[in-house]
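The listed protein sequences derive, respectively, from chains H and C.
Going by the working numbering, the first residue of the first sequence is number -7, and it counts up by one from there.
Going by the working numbering, the first residue of the second sequence is number 186, and it counts up by one from there.
Keep in mind that the hints were calculated from the coordinates and are not lab data.
Cβ coordinates follow ideal geometry from the N, Cα and C atoms, glycine included.
Mixed in with the good hints there might be a few duds.
Beyond 10 Å from chain H on every Cβ pair, some chain C residues (computed) [unchecked claim]:
(1) Gly241
(2) Leu243
(3) Trp248
(4) Pro261
(5) Val312
(6) Leu331
(7) Trp342
(8) Pro388
(9) Ile415
(10) Ser471
Per the computed footprint, the stretches of chain H lying under chain C, defined by three or more beta-carbons under 8 Å from a beta-carbon of chain C, are [to be verified]:
(11) 43 to 54
(12) 90 to 100
(13) 174 to 183
The calculated label-pair distances, taken between Cβ atoms and stated as ranges, are [said to hold, decoys possible]:
(14) C:Leu406 x H:Gln114: 37 to 43 Å
(15) C:Ala487 x H:Arg170: 43 to 49 Å
(16) H:Arg(-1) x C:Ser471: 54 to 60 Å
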Amino acid sequence: MTVIEARGLRKAFGKTIALDGIDLRVEDGRILGLIGPNGAGKTTALNAILGLTPYQGQLKVLGRDPWTERDRLMCDVCFIADVAVLPRWIRVSQALDYVAGIHPRFNRAQAEGFLGKTTIRQRSKVRELSKGMVTQLHLALVMAIDARLLVLDEPTLGLDILYRKQFYDSLLNDYYDRSRTIIVTTHQVEEIQNVLTDVMFINGGRIVLNCSMEEFESRYLELMVHAEHLAQARALKPIHERQMLGRSILLFDHVDRHQLDGFGDVRTPSIADLFVALLGNQPGNQAGETQGAAL
Amino acid sequence: MNTPSNAMRESFDSQVVAPAAMSATRPMYWSVRRELWENRSIYIAPLAAAAVFMLGFLISLIWLPGNMRATSALDPAGQRIALAEQYSHAAMLLTLTAFLVGIFYSLDALHGERRDRSILFWKSLPVSDLTTVLSKASIPLVVLPLLVLTIIVAMQWIMRLLATAALLMSGGGAGTLWTQLPLFQMELVSLYGLAVLALWHAPIYMWLLLVSGWARRATFLWAVLPPLAIGVFEKIAFHTSYFGLLLEDRVFGFAAGAFDLKDKSGAPIDPHFIPLAQLAPGRFLSSPSLWVGLMVAAAFLAAAIRLRRYREPI
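Here chain C stands alone, though its shape is the one from the complex (with noise of 0.2 Å):
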């Protein structure tokens, strides 16, 4: 039986495990979310981008019935990749876009807070150094490609239902459009793509972040030029442009990496339409440059978040 003593003691111990309990994912959580309210261009540009896709595709339906009459001429294979060419393109744009937004916003994630020195509000609260730094990697690496992916199943399935029911009003048969458009097999091709491209490009967000906790100001020339110096100074001192394939390889190297670019014939794979087939997680999870790179970039994230524990505030 509880008594009274027993009770007040059992209410003042929830009392001290709560904010214990609490430590743990909350201060995550409400860090990610006060992100999104200062950042608001990381769900505002991808929408808008899709706005702006939407609004063509809406226009491009006028000649849906027509093109559709000329895909039909076409082999099963042929139809599918001139059917998934929008669709693909929506998903392109998308993801284009989430690397754009990805980039800004690491390059001003640890600036802002020191100019307008509310960095000084942020650290009077209990929330570590830690969470507040991996709160702010988690928007380009997890945040952004999830919000993208979203939109792009979403506009996607809205495209094929509108491009439906166009079909249906001019007078002409929509069934094409279900039976050789595979959407969810895309789809998984866009998570997969997104994912890729998160890990891949994890070393050049996380250079933005520690680059925008460590400048005072002109944070975009302190990350452009010293890659940029030191490509010039191996191009003079040695004639060889090693530094600068390596970076070009870490932007772009990702597709021969993560995607089996030709297929079992030995021709090139169309991009507008990639068969689950063609993917290679295998080889991408194994390839050496993807560890290093992550390796660099978990050095990156530990000395922004070093940086933002140990330094003067401002």
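The shape of chain H in the complex, shown without the other chains (with noise of 0.2 Å):
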């Protein structure tokens, strides 16, 4: 079943065009990472996907329309926007009290057995919490409501290592069962890699690049080539060529692993290093400010 289908999807404010003409389409049971560059469109897009802000062009989400049918649509859709929101003056067993009478579809043990993995105590107020634990604390309640998507917009920011790598290990683990979708988007690109099925660059307001996983393992190579044979490397007209202590680094797009045989070392490229190679040398993106904002 299609979770998200975006047709010609539009926003624009004043002049600034945020979204220009997107077509999305996301099944469920996928894991889709949002990456581009600050002011890219992210937010927008989640925002106009959540019916935060009107939008021209067609878009539903779940067969419903965000803008106009909110309410109905926010039974099925969660979101964490950023690592700030929960109000800081609420108790935990408050925020749990809260969701629990609010929402059909929230389970409170579930959430309580989520808390109790962690060292939050219900009688602490969110603003005692570290910014770590008040993510965990959003996590256990949005992961207990049995909810068909789930967005996530910078959920990690501000976050150390060791919560970082937490936040997806229990996403992963004790939420998502392949039948729920999920979207989040991350500056922490490689730290989400391995969690995702599908990606999606966006910049400018528009998708550079839409794959699956599987897609993107199979069409981009990465060669740490041997200086003997990077005139031959070269001619197979890699997308981006770069250099690593003193050795060149050449990304292929839609070459055969076999034609590399020999030249040098073959990986697959971490998405962050497409990510430079499909938008970094871009008019408009300096590089500097593209590998600063976008990982």
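Each of the two chains sits in its own frame; use the hints to bring them together as a complex.
Written out as structure tokens, the structure reads:
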């Protein structure tokens, strides 16, 4: 079943075009990574999907129009927009009471089970918790909701590596069951490479790349080339070349792995490297800005 | 007979029905509780005012026996007013507290959640903007009046019991306190007064609610300066002050509208004891300014709901 279907999705703020006619189709059971530099339109796209912003074009989420049917949609959709959004005054027990009170699909025992694995006490107020604990709490609330679509916008921003790792581990082990759909945006691209089933690059309001991870792995190859084979390798038209520790690293799209045999070490590139290759040398994207923003 | 599949379908149906049945009142109930968790001043401020008043009352009990002797020299109507004075002061103090709490609550109700960005959390849950804004509007219009009425009733009865104990300990009789002080009647007047105030002040609260949902910062200035500017403009341009009078009437006009301020003989009534006969609910409910005010309040409320629904959350 199709969870999200968008055709010609457009959104402009004044003269700034945030989304420039996006076509998008997300089936259920996918974990889609939405990757792009700051201001690429990621959050705008997510806000449109969540019914938080009006848009032009066609968009259906779980068969509903998110702008006009938002109230009903939110029974089946959850989102974590940023780490800072849980109100600071609320107690953990109150947050559980409230969500249990208003959400028809919330399983309180499950949320308490998740919290039991952390050091969060139910008496605590959110303002007394560390940033990492607030995210754990938010995730515990959200994972106990039997939603069809979970949207995570920079969910691990500002967390240390332990909390970030734990976040995606619990998401995969305790939540994801191959029927739910997850969309995630993050700047820590490397950390979610093995989590994703699909990846999408977005830049300047347009989709630059949209493929499954299987396709990604079969399509893109990275060659750390021996100096004597550099000319031969370049003849195969790499889409990007960079230097590392005095050696050239070439990135190929649609090249047979056997052709690269003997030229050097071949491996699947990281999403981050492909991102830089595809977006780093586009006009208007200074390399430094892109790297700093996206990675 | 129920076959297993029938039973299953039934349990499935009941699951489907449950969320629908839930959608009507439960989100409202929990949204109001949520407001009370966040804004504890809603009940702490009236309780603190009550506590301070009760402390003063306790000390005043020292003079009670002497005052009672002076009171017994008065005629029954005079006795009633003298006895009622402290009890009605309690009600007035609590009513004023409710008004102030309502003002400050409304001014922050839709602003706080945007300031701390928690609006994104609230909007991630299946509670409609209608329910959320109505729950916030219900605090000054319903919750505070009911809460304050409860506190007033409790205070007045505790006061009368304490006064009785003080009189009995001093060796005097407490009979007058029970025969000449019609607390129940006074509490009916409090109920009426609080309902009148909520209806009369509704446009003020809803204006503040709308500003709190609209202004990005400085909600107080946005709430106060535009009306002030209109008043000043009118004064300069036309040398009149109808707008100022309109606002003054909106704050204080309930008294003349909802009570007969003069008794049958034409003498002004003492505000410490308002007989039931002086209430004028018919006149109040049929006054155009009440209904115009309520329509304005409804328009502000509808605008606040629309704003929360259709504006970018942050």
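These are the hints, each one checked on the structure:
1. Gly241: Label holds. Min Cβ-Cβ 32 Å, cutoff 10 Å.
2. Leu243: Leu243 (chain C) is indeed farther than 10 Å from all Cβ atoms of chain H, at 34 Å.
3. Trp248: About 44 Å separates Trp248 (chain C) from the closest Cβ of chain H, which puts it past 10 Å; holds.
4. Pro261: holds (52 Å)
5. Val312: Nearest chain H Cβ is 5 Å from Val312 (chain C), so the label is violated.
6. Leu331: Nearest chain H Cβ is 21 Å from Leu331 (chain C), so the label holds.
7. Trp342: holds (32 Å)
8. Pro388: holds (27 Å)
9. Ile415: holds (31 Å)
10. Ser471: holds (38 Å)
11. 43 to 54: This one holds; 3 residues, not fewer than the three required, reach chain C with a Cβ under 8 Å.
12. 90 to 100: Per the Cβ count (7), the hint holds.
13. 174 to 183: With 0 residues close enough to chain C, the hint is violated.
14. C:Leu406 x H:Gln114: 37 to 43 Å: With a Cβ separation near 40 Å, Leu406 (chain C) and Gln114 (chain H) satisfy 37 to 43 Å, so the hint holds.
15. C:Ala487 x H:Arg170: 43 to 49 Å: holds (44 Å)
16. H:Arg(-1) x C:Ser471: 54 to 60 Å: holds (57 Å)
Checked against the numbered hints given earlier, this structure breaks hints 5 and 13; the rest are met.
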